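Chemist: Sequence:
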Amino acid sequence: APAVFTGTDVYQRSFNPQEYLREFYRLSDSQGQPNTFLMENLRALRKMFSLEGLSGDTLIDVGCGPTIYQLLSACEHFQEIIALDYTDQNRRELEKWLKKEAGAFDWRPVVEYVCELEGDREKWAEKEEKLRKKVRQVLKCDVTKANPTEPVSLPPADCIVSTLCLEAACKDLATFRSALRNVGALVKPGGHLVMVTVLRETYYAFNNQVFSCLRLEKNVVEEAVEGAGFDVRFSEVQPCPPGNACADCEAVLSLVARKRASIS
Numbered sequence: 026a027p028a029v030f031t032g033t034d035v036y037q038r039s040f041n042p043q044e045y046l047r048e049f050y051r052l053s054d055s056q057g058q059p060n061t062f063l064m065e066n067l068r069a070l071r072k073m074f075s076l077e078g079l080s081g082d083t084l085i086d087v088g089c090g091p092t093i094y095q096l097l098s099a100c101e102h103f104q105e106i107i108a109l110d111y112t113d114q115n116r117r118e119l120e121k122w123l124k125k126e127a128g129a130f131d132w133r134p135v136v137e138y139v140c141e142l143e144g145d146r147e148k149w150a151e152k153e154e155k156l157r158k159k160v161r162q163v164l165k166c167d168v169t170k171a172n173p174t175e176p177v178s179l180p181p182a183d184c185i186v187s188t189l190c191l192e193a194a195c196k197d198l199a200t201f202r203s204a205l206r207n208v209g210a211l212v213k214p215g216g217h218l219v220m221v222t223v224l225r226e227t228y229y230a231f232n233n234q235v236f237s238c239l240r241l242e243k244n245v246v247e248e249a250v251e252g253a254g255f256d257v258r259f260s261e262v263q264p265c266p267p268g269n270a271c272a273d274c275e276a277v278l279s280l281v282a283r284k285r286a287s288i289s
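Each residue of the sequence shown is one higher than the one before, counting from 26 in our numbering.
Calculated from the structure, these hints are not laboratory results. In this text, all values refer to a predicted model and were calculated from it rather than measured experimentally. Beta carbons are placed, not taken as given, at the ideal position from N, Cα and C, and that holds for glycine. It cannot be assumed that every hint is accurate.
List time: in silico DSBU-like cross-link candidates among lysine-lysine, alpha-carbon distance up to 30 Å [claimed, not checked]:
| no. | residue 1 | residue 2 |
| --- | --- | --- |
| 1 | Lys165 | Lys72 |
| 2 | Lys125 | Lys159 |
| 3 | Lys165 | Lys196 |
| 4 | Lys148 | Lys159 |
| 5 | Lys125 | Lys158 |
| 6 | Lys159 | Lys170 |
| 7 | Lys121 | Lys72 |
| 8 | Lys158 | Lys243 |
| 9 | Lys213 | Lys72 |
| 10 | Lys72 | Lys148 |
| 11 | Lys158 | Lys196 |
| 12 | Lys72 | Lys159 |
| 13 | Lys148 | Lys124 |
| 14 | Lys243 | Lys196 |
| 15 | Lys72 | Lys124 |
| 16 | Lys148 | Lys125 |
| 17 | Lys165 | Lys243 |
| 18 | Lys155 | Lys121 |
| 19 | Lys213 | Lys243 |
| 20 | Lys170 | Lys158 |
| 21 | Lys213 | Lys155 |
| 22 | Lys72 | Lys158 |
| 23 | Lys170 | Lys196 |
| 24 | Lys165 | Lys124 |
| 25 | Lys213 | Lys159 |
| 26 | Lys121 | Lys170 |
| 27 | Lys121 | Lys165 |
| 28 | Lys72 | Lys243 |
Pairwise CB distance ranges, derived in the manner of DEER restraints [what the hints assert, rightly or not]:
| no. | residue 1 | residue 2 | range |
| --- | --- | --- | --- |
| 29 | Gln104 | Asp145 | 31 to 39 Å |
| 30 | Val257 | Glu126 | 35 to 43 Å |
| 31 | Arg47 | Arg161 | 23 to 31 Å |
| 32 | Leu76 | Glu126 | 21 to 29 Å |
| 33 | Gln58 | Glu141 | 26 to 34 Å |
| 34 | Ala171 | Ser53 | 36 to 44 Å |
Using the sequences and the accompanying hints, generate a full structural model.
Modeler: Set out below in structure tokens:
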């Protein structure tokens, strides 16, 4: 792991979204080995977004990065989606796909996989169109700010999804807890938080660069979520496939929590 926790300036200066997508978001690698990590996460997201009450008007994706995989099941349950990320080039990369620009990442194999989970692989093009229509805004955010989208104020959403974001954005547990409170404020009372978080990871690497990750345990994440005003409804740990040099994560936590009604 890096000696100093990777800061926002490093992401802004040197995070390469195309290389990141190539490394982590192809369904199989150059040797034809399946991307188990991605497939497990897609299955977990489908399961979580199928839970009762996980639907509504607005979904906010916090720390979307340059990816859409986390929205493929979600887009069947919400009418509009707002995607947030700190890094300018990540938002630009996402916009490329949304606008069908030349050189955008080809998500088709991943979309087909999710459609297959949902019962009809052939619906991939339809799902891509649905998602493109539903993503209404792509905005800059900083989870360490009390209002992460400042200077923009978003109306509270029905649901927030955050995948593999906070553990890379928060240098210590206090920052993580505070970021969860900041993010939690973006959701309505009774609304939901859907999270995918790596456990016991200290770094991830690609393209000869190493990025920090806050080493977390399941109980620590659950306590932080509860501390941010939520009740955990669903929590499941999936071990990571061993032998991956790109990251040292040991497991992945999938979690759904419901925001408590504010005590007036």
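Chemist: Next step is simple, just say for each hint if it's right about the structure.
Modeler: Structure-based check of each hint:
no. : hint                        : in the structure
1   : Lys165 - Lys72              : holds (29 Å)
2   : Lys125 - Lys159             : holds (15 Å)
3   : Lys165 - Lys196             : holds (20 Å)
4   : Lys148 - Lys159             : holds (17 Å)
5   : Lys125 - Lys158             : holds (12 Å)
6   : Lys159 - Lys170             : holds (26 Å)
7   : Lys121 - Lys72              : holds (28 Å)
8   : Lys158 - Lys243             : violated (35 Å)
9   : Lys213 - Lys72              : holds (22 Å)
10  : Lys72 - Lys148              : holds (19 Å)
11  : Lys158 - Lys196             : violated (35 Å)
12  : Lys72 - Lys159              : holds (21 Å)
13  : Lys148 - Lys124             : holds (20 Å)
14  : Lys243 - Lys196             : holds (17 Å)
15  : Lys72 - Lys124              : holds (29 Å)
16  : Lys148 - Lys125             : holds (18 Å)
17  : Lys165 - Lys243             : holds (28 Å)
18  : Lys155 - Lys121             : holds (16 Å)
19  : Lys213 - Lys243             : holds (25 Å)
20  : Lys170 - Lys158             : holds (29 Å)
21  : Lys213 - Lys155             : holds (24 Å)
22  : Lys72 - Lys158              : holds (23 Å)
23  : Lys170 - Lys196             : holds (14 Å)
24  : Lys165 - Lys124             : holds (18 Å)
25  : Lys213 - Lys159             : holds (20 Å)
26  : Lys121 - Lys170             : holds (27 Å)
27  : Lys121 - Lys165             : holds (16 Å)
28  : Lys72 - Lys243              : holds (19 Å)
29  : Gln104 - Asp145: 31 to 39 Å : violated (22 Å)
30  : Val257 - Glu126: 35 to 43 Å : holds (40 Å)
31  : Arg47 - Arg161: 23 to 31 Å  : holds (28 Å)
32  : Leu76 - Glu126: 21 to 29 Å  : violated (35 Å)
33  : Gln58 - Glu141: 26 to 34 Å  : violated (19 Å)
34  : Ala171 - Ser53: 36 to 44 Å  : holds (42 Å)
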